[in-house]
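Work out the full structure: start from the sequences and follow the hints.
Protein chains: 2
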Amino acid sequence: MNAEIISIGDEILIGQITNTNAQWMAQQLNLIGISVKQISTVGDNRDDIIRIFSEAKNRADIILITGGLGPTNDDITKQCLCEFFNTKLIFNEQCFEDVTRIFAERNLEMPAINRGQAEIPENCIPIRNKNGTAPGMWFESNPNGIIFVSLPGVPYEMKAMMSDFVIPELQKKFNKNFIVHKTVHTQGIGESSLAEKIKEWEDSLAKHEIKLAYLPAPGQVKLRLSAEGINQEKIIQSIDKKITELRQIIPGYIFAIEEFGKEPETLEKVIGEILRQKKKTLAVAESCTGGYIAHLITSIAGSSDYFNGGIIAYSNEIKINVLKVDAKTLDDNGAVSKEVAEQMSDGVRKRLKADFGISTTGIAGPTGGSTEKPVGTVWVSVASEDKIISEKFNFGNNRERNIRRASLSALNLLRTLLETNS
Amino acid sequence: MNAEIISIGDEILIGQITNTNAQWMAQQLNLIGISVKQISTVGDNRDDIIRIFSEAKNRADIILITGGLGPTNDDITKQCLCEFFNTKLIFNEQCFEDVTRIFAERNLEMPAINRGQAEIPENCIPIRNKNGTAPGMWFESNPNGIIFVSLPGVPYEMKAMMSDFVIPELQKKFNKNFIVHKTVHTQGIGESSLAEKIKEWEDSLAKHEIKLAYLPAPGQVKLRLSAEGINQEKIIQSIDKKITELRQIIPGYIFAIEEFGKEPETLEKVIGEILRQKKKTLAVAESCTGGYIAHLITSIAGSSDYFNGGIIAYSNEIKINVLKVDAKTLDDNGAVSKEVAEQMSDGVRKRLKADFGISTTGIAGPTGGSTEKPVGTVWVSVASEDKIISEKFNFGNNRERNIRRASLSALNLLRTLLETNS
Numbered sequence: 000m001n002a003e004i005i006s007i008g009d010e011i012l013i014g015q016i017t018n019t020n021a022q023w024m025a026q027q028l029n030l031i032g033i034s035v036k037q038i039s040t041v042g043d044n045r046d047d048i049i050r051i052f053s054e055a056k057n058r059a060d061i062i063l064i065t066g067g068l069g070p071t072n073d074d075i076t077k078q079c080l081c082e083f084f085n086t087k088l089i090f091n092e093q094c095f096e097d098v099t100r101i102f103a104e105r106n107l108e109m110p111a112i113n114r115g116q117a118e119i120p121e122n123c124i125p126i127r128n129k130n131g132t133a134p135g136m137w138f139e140s141n142p143n144g145i146i147f148v149s150l151p152g153v154p155y156e157m158k159a160m161m162s163d164f165v166i167p168e169l170q171k172k173f174n175k176n177f178i179v180h181k182t183v184h185t186q187g188i189g190e191s192s193l194a195e196k197i198k199e200w201e202d203s204l205a206k207h208e209i210k211l212a213y214l215p216a217p218g219q220v221k222l223r224l225s226a227e228g229i230n231q232e233k234i235i236q237s238i239d240k241k242i243t244e245l246r247q248i249i250p251g252y253i254f255a256i257e258e259f260g261k262e263p264e265t266l267e268k269v270i271g272e273i274l275r276q277k278k279k280t281l282a283v284a285e286s287c288t289g290g291y292i293a294h295l296i297t298s299i300a301g302s303s304d305y306f307n308g309g310i311i312a313y314s315n316e317i318k319i320n321v322l323k324v325d326a327k328t329l330d331d332n333g334a335v336s337k338e339v340a341e342q343m344s345d346g347v348r349k350r351l352k353a354d355f356g357i358s359t360t361g362i363a364g365p366t367g368g369s370t371e372k373p374v375g376t377v378w379v380s381v382a383s384e385d386k387i388i389s390e391k392f393n394f395g396n397n398r399e400r401n402i403r404r405a406s407l408s409a410l411n412l413l414r415t416l417l418e419t420n421s
Numbered sequence: 000m001n002a003e004i005i006s007i008g009d010e011i012l013i014g015q016i017t018n019t020n021a022q023w024m025a026q027q028l029n030l031i032g033i034s035v036k037q038i039s040t041v042g043d044n045r046d047d048i049i050r051i052f053s054e055a056k057n058r059a060d061i062i063l064i065t066g067g068l069g070p071t072n073d074d075i076t077k078q079c080l081c082e083f084f085n086t087k088l089i090f091n092e093q094c095f096e097d098v099t100r101i102f103a104e105r106n107l108e109m110p111a112i113n114r115g116q117a118e119i120p121e122n123c124i125p126i127r128n129k130n131g132t133a134p135g136m137w138f139e140s141n142p143n144g145i146i147f148v149s150l151p152g153v154p155y156e157m158k159a160m161m162s163d164f165v166i167p168e169l170q171k172k173f174n175k176n177f178i179v180h181k182t183v184h185t186q187g188i189g190e191s192s193l194a195e196k197i198k199e200w201e202d203s204l205a206k207h208e209i210k211l212a213y214l215p216a217p218g219q220v221k222l223r224l225s226a227e228g229i230n231q232e233k234i235i236q237s238i239d240k241k242i243t244e245l246r247q248i249i250p251g252y253i254f255a256i257e258e259f260g261k262e263p264e265t266l267e268k269v270i271g272e273i274l275r276q277k278k279k280t281l282a283v284a285e286s287c288t289g290g291y292i293a294h295l296i297t298s299i300a301g302s303s304d305y306f307n308g309g310i311i312a313y314s315n316e317i318k319i320n321v322l323k324v325d326a327k328t329l330d331d332n333g334a335v336s337k338e339v340a341e342q343m344s345d346g347v348r349k350r351l352k353a354d355f356g357i358s359t360t361g362i363a364g365p366t367g368g369s370t371e372k373p374v375g376t377v378w379v380s381v382a383s384e385d386k387i388i389s390e391k392f393n394f395g396n397n398r399e400r401n402i403r404r405a406s407l408s409a410l411n412l413l414r415t416l417l418e419t420n421s
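Protein chains in written order, with numbering that gives the first Met the number 0: chain L, 0 to 421; chain F, 0 to 421.
I should point out that these hints are in silico values taken from the structure, not numbers from a laboratory. Careful, some of the hints might be misleading.
Each pair may be met inside one copy or between any two copies, as identical chains are not told apart.
[Stated by the list, open to error] Below, in silico cross-link-like pairs of lysine-lysine (BS3-like), each with a Cα-Cα straight-line distance of 30 Å or less:
id, residue 1, residue 2
1, Lys206, Lys196
2, Lys277, Lys56
3, Lys279, Lys210
4, Lys278, Lys327
5, Lys372, Lys129
6, Lys386, Lys171
7, Lys372, Lys233
8, Lys56, Lys337
9, Lys327, Lys349
10, Lys198, Lys129
11, Lys233, Lys175
12, Lys196, Lys129
13, Lys386, Lys352
14, Lys372, Lys158
15, Lys372, Lys240
16, Lys372, Lys352
17, Lys327, Lys279
18, Lys268, Lys372
19, Lys196, Lys349
20, Lys87, Lys198
21, Lys87, Lys129
22, Lys279, Lys323
23, Lys337, Lys352
24, Lys129, Lys172
25, Lys278, Lys372
26, Lys196, Lys327
27, Lys278, Lys198
28, Lys277, Lys349
29, Lys129, Lys391
Just so you know, these numbers come straight off a predicted model, no measurement behind them.
Below, the structure written as structure tokens:
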């Protein structure tokens, strides 16, 4: 089974945005055993769109299209699909209800222009869009025919429609084999060091027909194990056995195992689950991470059950006046120090009446470093009622990455404390 | 002049990497007045590569190819170019010296496999690669013929070869026209409502030969104006005139004008610049946004100059004890209310000794809503020494988007206050 991905939009051709949709879609298709043969981008131009549809039809079994479904005049994908399939737009009641609902939910009046979004080509099945006003469309000329799928270009709308409808439908139709993917999430070790530590284990995967992929992201490395076959249970057992082995090789670094199709695992989610289970609460005191830890924690629905709040102490004055860091300690050791980090984590825990406190203090950069404390120097600390621990890191020069890595390191320190503190 | 970009590599088709090369190349071509008609990605497969070369040749004047030039067996672009041009590989002394030098510089012995990298098709001009071992290739069948350029896929090698050789050569040959793009960033208005408000203005663009594109992102809409011609200054004037007109039609919604090729504009950057210029400071009190506003502000390098810090008041207790919100006000109106939002923005301003305070309080969801205050209900407020303003919003059901939209709305409210408060 071959697929092609077609992205439509002038904004890609002039280089204004990166085509991240195509990458994500390619990943999802590959994960269910469908190979992508070509990815093409054309502009919002009738001739180019019709041509690329025809070309793709001659090469692929499945054609996924994104973009050009907005209500404005520059969006013409739907008109092109009608022309290509020699059909016409018809008003779809269900789509209209969805469009109307989106506006109602936002307490907005629906502009006349959006009514047209409920019109879809007569020969397609609408794909509901719960996050936006443009419905997706599924075209299938006959039971064994080529499938065209048209989705909006807004990434989170497209992703939800892919996960909820397109991927399950394609898997039902095309994949007789079971493909199992499990992803091991690690934190606190770089890709090369990890590869060295697990070399022998990695070499042993081949004889179990398990494929391994390293998926590095700033501050974290994921290992995806994949295997394919007709006996799903056997494949899962085989992968699980290898993960158990891996846990024994790198016990401190693994924080989650993610199953494909399930929500992605994150450190903030794992921590939230432990806190909820232990009925404990958390507060954060952030200097160099500037609110990013709190943002990660509160991105989890229901986090108000265990997250009291936080203090972003960007200035020393706030560290002293609100977090009750000792002024002399600050003066003697500087803000970026073990002593200040520990007073911050313990201070915020007490001040915001939480069971656990997290803190960060460091130099995010790109300026503000010194020879003794260069950009990327970060202290993180975690305090509980009976223990205060801390750790020093030296990250690089990139502000965005330093903020993310410091935040994940602080969360990971909390995780290790939570897991030992039972 | 039309160009096409062809990326070659299985790693893109399986979704392992994002095709950032194509975006960068498209940008560079547009800046010298060459439009990109199509971007295609195919795998390291002979048939697909030859086919896409033939297709591109029938559509474009310039074809830029990246990838597939490594020394290993899976890299076959060079062989395919030979077959396509019906020519053969010949050993090139200059290329060999370059490959040898790269290894010498790195103090490495050259593996035998790399000798082959000095072989290039007979009909091409080599493009020197100062950062890697694969030379680029420039094919031009006759003085007015179609140009094929093949470059390595390693981004920093490709970029240097583009900047040093390809772009200057193309500009010499083709650039009769300039293309100018400017992007207007708006906040606080949806795509459809915006389209209605500016319909007349939009219709007037055609006679100035200006093209308009809507680029929506969660909570924000960008409008890109593009025009092409031989007189760059005149095009810029014509676009600027239209932007001035637009400012009069939707004065409250525009927060930045971005020029193509410059760093993208964000609301947090614009606000940072205003605060720095006015020598004013800021503090935030976040409930439903959970630290995201602070994160946006502190993602800007140098924000410690104007950002004092913040209080994340997830619990009512923190609202009362730290922000000094009146317990009775909370009780009478609930946490999600104008009164509480205003006490929070003013409270944090005073407590953290800042000139301006921002606050948010709302129901991020997906649960916690009521009939009176459904999920997505958010109050934002901004306080200065002499003024407290607030605004109510009804967003949707998506937690992540509610957090982002509430944060941008709060920042936008601050922007409007900053711009009137001179």
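Cross-check of the supplied hints:
1. Proximity of Lys206 and Lys196 under a CA criterion of 30 Å is satisfied intra-copy only: 19 Å inside one chain copy versus 64 Å between copies.
2. Within a single copy, Lys277 and Lys56 get their C-alpha atoms no closer than 56 Å, and across copies no closer than 59 Å, so neither meets the 30 Å cut-off.
3. For the identical chains of this complex, Lys279 and Lys210 are neighbours neither inside a copy (39 Å) nor across copies (56 Å), given an alpha-carbon limit of 30 Å.
4. For the identical chains of this complex, Lys278 and Lys327 are inter-copy neighbours only, at 29 Å across copies versus 36 Å inside a copy, given an alpha-carbon limit of 30 Å.
5. In the homo-oligomer, the alpha carbons of Lys372 and Lys129 lie at most 30 Å apart only across protomers (21 Å), although the nearest pairing inside one protomer, at 49 Å, exceeds that limit.
6. When the C-alpha separation of Lys386 and Lys171 is checked against a cutoff of 30 Å, the pair qualifies neither within a copy, at 53 Å, nor between copies, at 60 Å.
7. For the homomeric pair Lys372 and Lys233, neither the shortest alpha-carbon distance inside one copy (52 Å) nor that between copies (50 Å) is at most 30 Å.
8. In this assembly of identical chains, Lys56 and Lys337 lie within 30 Å of each other by CA distance neither inside one copy nor across copies; the values are 62 Å within and 56 Å between.
9. Taking CA atoms no more than 30 Å apart as the test, Lys327 paired with Lys349 passes in both settings, with 20 Å inside one copy and 25 Å between copies.
10. When the C-alpha separation of Lys198 and Lys129 is checked against a cutoff of 30 Å, the pair qualifies only between copies, where the shortest distance is 28 Å, while the shortest distance within a copy is 44 Å.
11. Taking the shortest alpha-carbon separations for Lys233 and Lys175, only the intra-copy value of 15 Å comes in at or below 30 Å, while the best inter-copy value is 61 Å.
12. Proximity of Lys196 and Lys129 under a CA criterion of 30 Å is satisfied inter-copy only: 26 Å between copies versus 44 Å inside one chain copy.
13. Taking the shortest Cα distances, Lys386 and Lys352 sit within 30 Å of each other inside one copy (16 Å), while across copies they are farther apart (33 Å).
14. In this homomeric assembly, Lys372 and Lys158 come within 30 Å of each other (Cα to Cα) only across copies, at 29 Å, whereas the closest approach inside a single copy is 42 Å.
15. Taking identical chains as interchangeable, the C-alpha atoms of Lys372 and Lys240 are never at most 30 Å apart, the minima being 44 Å within one chain and 49 Å between chains.
16. In this assembly of identical chains, the alpha carbons of Lys372 and Lys352 lie at most 30 Å apart only when taken from different copies (28 Å versus 32 Å within one copy).
17. Taking CA atoms no more than 30 Å apart as the test, Lys327 paired with Lys279 passes between copies only; the shortest distance there is 28 Å, against 32 Å inside one copy.
18. For the homomeric pair Lys268 and Lys372, the shortest alpha-carbon distance between copies (27 Å) is at most 30 Å, but the shortest distance inside one copy (32 Å) is not.
19. When the C-alpha separation of Lys196 and Lys349 is checked against a cutoff of 30 Å, the pair qualifies neither within a copy, at 39 Å, nor between copies, at 52 Å.
20. For the identical chains of this complex, Lys87 and Lys198 are inter-copy neighbours only, at 26 Å across copies versus 58 Å inside a copy, given an alpha-carbon limit of 30 Å.
21. For the identical chains of this complex, Lys87 and Lys129 are intra-copy neighbours only, at 25 Å inside a copy versus 55 Å across copies, given an alpha-carbon limit of 30 Å.
22. For the identical chains of this complex, Lys279 and Lys323 are neighbours both inside a copy (23 Å) and across copies (25 Å), given an alpha-carbon limit of 30 Å.
23. Taking CA atoms no more than 30 Å apart as the test, Lys337 paired with Lys352 passes in both settings, with 22 Å inside one copy and 27 Å between copies.
24. In this assembly of identical chains, Lys129 and Lys172 lie within 30 Å of each other by CA distance solely inside one copy; the values are 24 Å within and 50 Å between copies.
25. For the identical chains of this complex, Lys278 and Lys372 are inter-copy neighbours only, at 28 Å across copies versus 38 Å inside a copy, given an alpha-carbon limit of 30 Å.
26. Taking CA atoms no more than 30 Å apart as the test, Lys196 paired with Lys327 passes in neither setting, with 43 Å inside one copy and 59 Å between copies.
27. Taking the shortest Cα distances, Lys278 and Lys198 never come within 30 Å of each other, neither inside one copy (39 Å) nor across copies (55 Å).
28. For the identical chains of this complex, Lys277 and Lys349 are intra-copy neighbours only, at 19 Å inside a copy versus 36 Å across copies, given an alpha-carbon limit of 30 Å.
29. Within a single copy, Lys129 and Lys391 get their C-alpha atoms only as close as 44 Å, which misses the 30 Å cut-off; across copies the closest is 23 Å, which meets it.
Hint compliance for this structure: hints 2, 3, 6, 7, 8, 15, 19, 26, 27 are not met, and every other hint is.
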